[in-house]
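Novice: What follows is each chain in one-letter form.
2 protein chains.
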Amino acid sequence: MVQIPPIFWIVPVAGILTLAFAAWLIVSIMRKPTGTPQMKEIGDMIFEGAWAFLKRQYSTIAIFSVVVAIVIGIVVGLLPAEEMLQKAGYSMFTVGLYTAIAVLVGAICSGISGSIGMYIAVKSNVRCAAAAQKSLNEAVTVALRGGAVSGFLITALSLIGVTVIFFAFGGATTPQLSPHLIVGFGFGASFVALFAQLGGGIYTKAADMGADLVGKVEAGIPEDDPRNAAVIADLVGDNVGDCAGRGADLFESTAAENIGAMILGIVAYLATQNVAWILFPLCVRGFGMIASMIGLLIVKAKENENAMNSLNRGYFVSIALSLIGMAITVYFMLFNDPKFGGPTVWWLFAAGAVGIITSVVVIFVTQYYTESRYKPVQDIAEASKTGPATNIVMGVAVGYETTLATALVIGVALLLSYWFGTLSGVPGAGAFGTAVATMGMLMTCPYVLSMDTFGPITDNANGINEMAGAGPEIRKITDRLDAVGNTTKALTKGYALVSAGLAAFLLFQSYLDRVAFLRGGTFDSVNIARIEVFVGALLAAMIVYWFSSLAIRSVGKTAGDIISAVRKQFKDHPGIMAGTEKPNYGEIVDITAKAGLREMIAPALIPVLAPVIIGLLFKYLSPSYDAAQVVAALLMVGTIAGIMLASFMNNGGGAWDNAKKMIEDDQLKDASGKVLGKGSDAHKAAVVGDTVGDPFKDTAGPSLHVLIKLLSTITLVLCPIFV
Amino acid sequence: MVQIPPIFWIVPVAGILTLAFAAWLIVSIMRKPTGTPQMKEIGDMIFEGAWAFLKRQYSTIAIFSVVVAIVIGIVVGLLPAEEMLQKAGYSMFTVGLYTAIAVLVGAICSGISGSIGMYIAVKSNVRCAAAAQKSLNEAVTVALRGGAVSGFLITALSLIGVTVIFFAFGGATTPQLSPHLIVGFGFGASFVALFAQLGGGIYTKAADMGADLVGKVEAGIPEDDPRNAAVIADLVGDNVGDCAGRGADLFESTAAENIGAMILGIVAYLATQNVAWILFPLCVRGFGMIASMIGLLIVKAKENENAMNSLNRGYFVSIALSLIGMAITVYFMLFNDPKFGGPTVWWLFAAGAVGIITSVVVIFVTQYYTESRYKPVQDIAEASKTGPATNIVMGVAVGYETTLATALVIGVALLLSYWFGTLSGVPGAGAFGTAVATMGMLMTCPYVLSMDTFGPITDNANGINEMAGAGPEIRKITDRLDAVGNTTKALTKGYALVSAGLAAFLLFQSYLDRVAFLRGGTFDSVNIARIEVFVGALLAAMIVYWFSSLAIRSVGKTAGDIISAVRKQFKDHPGIMAGTEKPNYGEIVDITAKAGLREMIAPALIPVLAPVIIGLLFKYLSPSYDAAQVVAALLMVGTIAGIMLASFMNNGGGAWDNAKKMIEDDQLKDASGKVLGKGSDAHKAAVVGDTVGDPFKDTAGPSLHVLIKLLSTITLVLCPIFV
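Protein chains in written order, with my numbering: chain D, 1 to 723; chain A, 1 to 723.
Keep in mind the hints are simulated off the structure, nothing from the lab.
Beta carbons are placed, not taken as given, at the ideal position from N, Cα and C, and that holds for glycine.
Don't take every hint at face value.
[Claimed, not checked] Pairs of lysine to aspartate or glutamate, EDC-like flavour, derived with a Cα cap of 16 Å: (1) LYS684/A to ASP479/D; (2) LYS134/D to ASP479/D; (3) LYS557/A to ASP479/D.
[Stated by the list, open to error] Here are a few chain D residues that face chain A, going by a calculated C-beta distance under 7 Å: (4) VAL66; (5) LEU415; (6) TYR545.
Using the sequences and the hints, build the whole thing.
Specialist: This is the structure in structure tokens:
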């Protein structure tokens, strides 16, 4: 039985506190009024659509998850014995069983977080719309609390899940083995996340594109017009894509990166027998949750203030508290370590601080590239004057350019935290330093996720008010909130992307550690100068493009289905256009759901199957090939390629979106000083850019974050078969 | 003095024969009539514009080249002594001097090939236009012969240049050192190629976009309408971009890859003292030139046949003859090698055959993705029905998808040729096998390059006939040829890209060999699991995007300048629109040239400076970093990222272009069977896609090929400073 450091109590305390906090938030939101009966009716329709999709989606995912868990369990269970595990009394049958269980538990936890988070978000929409009729502050509070339910519930479940399964799988007796047994948890989470993000992302953007093209472009009616049969599907999409998708994404981030960091702590544990090295990441997360909670509680919107400023204030409080929490964890867990303790462990604090500060830098960089105050978005708006082609070309140029900032931020953070790690003198602490930085960056995850879900809630509130015919004063409030929500959504994507990049190195190192553990001996070289490793790297970069291609195509196909169906309704029921007949919203919701589910499968299979096929192919193709290195290169270069492509698509999409908004806000003028606003040719060009950016930033881009981490978790789980 | 194998005579024979062939072609073209006085006048304007730009461009490049040659010479000359070179009696001063000379000679040869090739191409335009008034066959002959001048002259100069400098720098006495002294030749060539491709690419697409936007879109006049002041600049652009740019690209490909292959042959030479291992690549090229020449001579267009079919026939003859040439070279050079000779050397023939066959596969793959007969282009045309946004989204999806084929073709070719190489039993022959494959693929380079330049010549001929008001019958001929030219241009890009990918491994291995040579000992591991190597790889992927961003932006900016200037002409001289006054073509040509030259510099500096800065930074940042590995990873992952991005942009652009052409050919119908042709909304949407694709496929994409190889050559030349 190992000695658990007393400060570890922060984990259950933070976990339970967070759950209680989320419960309190839920109660406080559900008590808010739902507005007029018409609003309630619209809200109910959105709820039904979203819930029906989620139920179907998770039924499909459940079947896949069970199959995958069983296959992985059998494959791992049938492998030749892993020496170290056998010595500790585990048969491979047990290992297979444990892995399968971990996969399932991870999948279930992810499903629960996604469902509850979205349930509350949908319930918050209509309440936020109603609150906007009272005051801005009231609306901000509802939207932020609704978002916070997701944010806190998801991170709490991930922390509690990892902790429980760690101890259930022998963490208190053989903590050096337990992390190897629970890697399935991370994989289960990323597996669900990929489907959730893809399915939701396809749904939301297909509905958005379909509704826009058939409504705004073809029929010439405004956005969110109740005569458009696709409008409810569009509103549903915001919930199933942005809420459920991003929630699942960050659930798996925190889970997989936690487990990876624990694996990296094993080396120091083995040298010291101090389990604090393995438990450290969990404690950091505990403090991060409390820091986020306090930050969120102090957010109060002032009537005459940009809501973004109050959100930023709360964020900076969370950041400051996270730094303190990181210092406390380092001091109480590591400072008194008999072997590596003492002042040098403060270098690990420095590594953690790098991660925390990185999350602030990301915010600024993303704002620079996606807000209309800065040059990139202005360039795109300017380019819209000469038509859609120049708008697109400029948007692509801006999107490509963002890779510069993304790569520099990730590169500097990795080099610094690795260097600080090595300065601590702990064995293997270079990689551990990057792990601490990643955990530092993820401390504020609950807060960031709350801000993120704020986005779709305000977006929906705006849509409900539009559909219910609310007055211009009220619409102005929800419009303002909607714009803030667009920014927070862009920020979260930047955050998710950079944290995925930072985590890549840690996950990759834990893959190497795991191969070494299974092979016995060391494994620390991935030689890209070998022909098979180079080809593996080339294929990895290709996979990223191929996946994105399929994801984007799926949106196009589904949007096509929607357009045909809406057209048919317009044609068969002329009363719809006249406003005398209600369109059949349910039919479109249904079609979108079916198509979204059908279309998510092909792209989702690529990152699941590709590493397995490529790994096994190279294992059996020639005895001179080292499949473990090929898979490692696949992982690393796939990650690099994925980060770059996602940076282009996320930020390019965000910039196009805001260039359009900038024109709608009458901020673009022609050479003679005439305003080029809504309805101008420049605006039409910018709408094209926005539509192109939609599947980039809300389907392919965010799915790539998950893909990157799925590549890591699947190779972690299946690494026994490549060795 | 080493023993030169008798078959080496093929090199001077092929070189001189090719030069004579080119001279004969020039004479035969210049004798052709130039058509009506009006056509001659237009042709002269194009010639003047193109020539003026080339003069200015090469003056700028010359200054840069001299500076770079001197800097490299000094840097290399001041380095601590390279042991092996010193032993052979070379001081570092001599090495620096030789390198500087090699850089300059490479640059000069590249400049000469570019200039002469373009000179003849421009002279051929008007003659092709005139020939079209007689017959299709006549026009095909002129266009193909004009293109062939470039194709053959460029490859001959590259072969002769490498051979002469090899022997001038001690190839006959110390052939194991000479390849190391001439790496500068490859760098000089790629340096010029980068500027030529960027400057020309920016010029051509800025003029194209500018002319289209201000003419077709704003003023509503047809393409190539003489009232558009930008139309001559547009025609000039085809010559400076497509002819001079691609010529420089393939000149440096053949040169750099030749030298790289020679470096890889050194290992076998040292083991056998048989210089055939080093001279092998030169002989292969010699046979390739003869094979291409015969292939070209048999091309005869039949009046009722698609010109593409006759071009294909010639190509297949070249392929068959190349296979025979490869077999002859292997037999006469390697079969009788005292140590490694015998039947196993046929495995090297197999490796060469892989390369030759790869070039055929590339043709089919590129055709599949860019011709309207196949699904991808049809999908894009179909998506145009719902507007420009869906057209763009589908084009991106198709472009992304092409990376699948590109990666598989390159991956399979590399694995096979490496494997065949190792089966030959020659030391280090895995990498040598990929080198033989690359040389095999490049055998048909003169033919492919001839087909490529065929494109801009027919494009210009079409434009001249349009401007000169030729009848519909004649226009139909040049229109048909123009469409064939579009296909051949797309094919060449696929060919250039895949050969760059294939060459990457060989160039990378020669970098490793060179580091080993300089360090003494071996250097065969590039461990991407090291933090600094991983970050180097990340930065490499970023560089590719950043470079493309700048290249695309440059096109946009230059197009903006053109649009303003043409607008001003329309405004100040109302007679232009009425057709009573001639626009000032020269002004626009001048503006485009100035802007093109200004805008090419920033993107060109990235790949030149980035490896140097990153290499030196990591060298001095920490003693634990291995800068040579960082640079190697930069090179390899930069190559992978570049191939993928270029595949997307080249093929996506080609597909957009042909989707537009497909609609213009009345091949798209709506649900009711009505043709959606020129002027329909679908056509307008497709024009947007085509315009977006232009800077992708003609500026950024092809420049990336050069960037990939420049990364290789600069690291090869400067590798002493990273060691």
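Novice: For a quick check of understanding: which of the numbered hints are violated here, in increasing order?
Specialist: 1, 3 and 4
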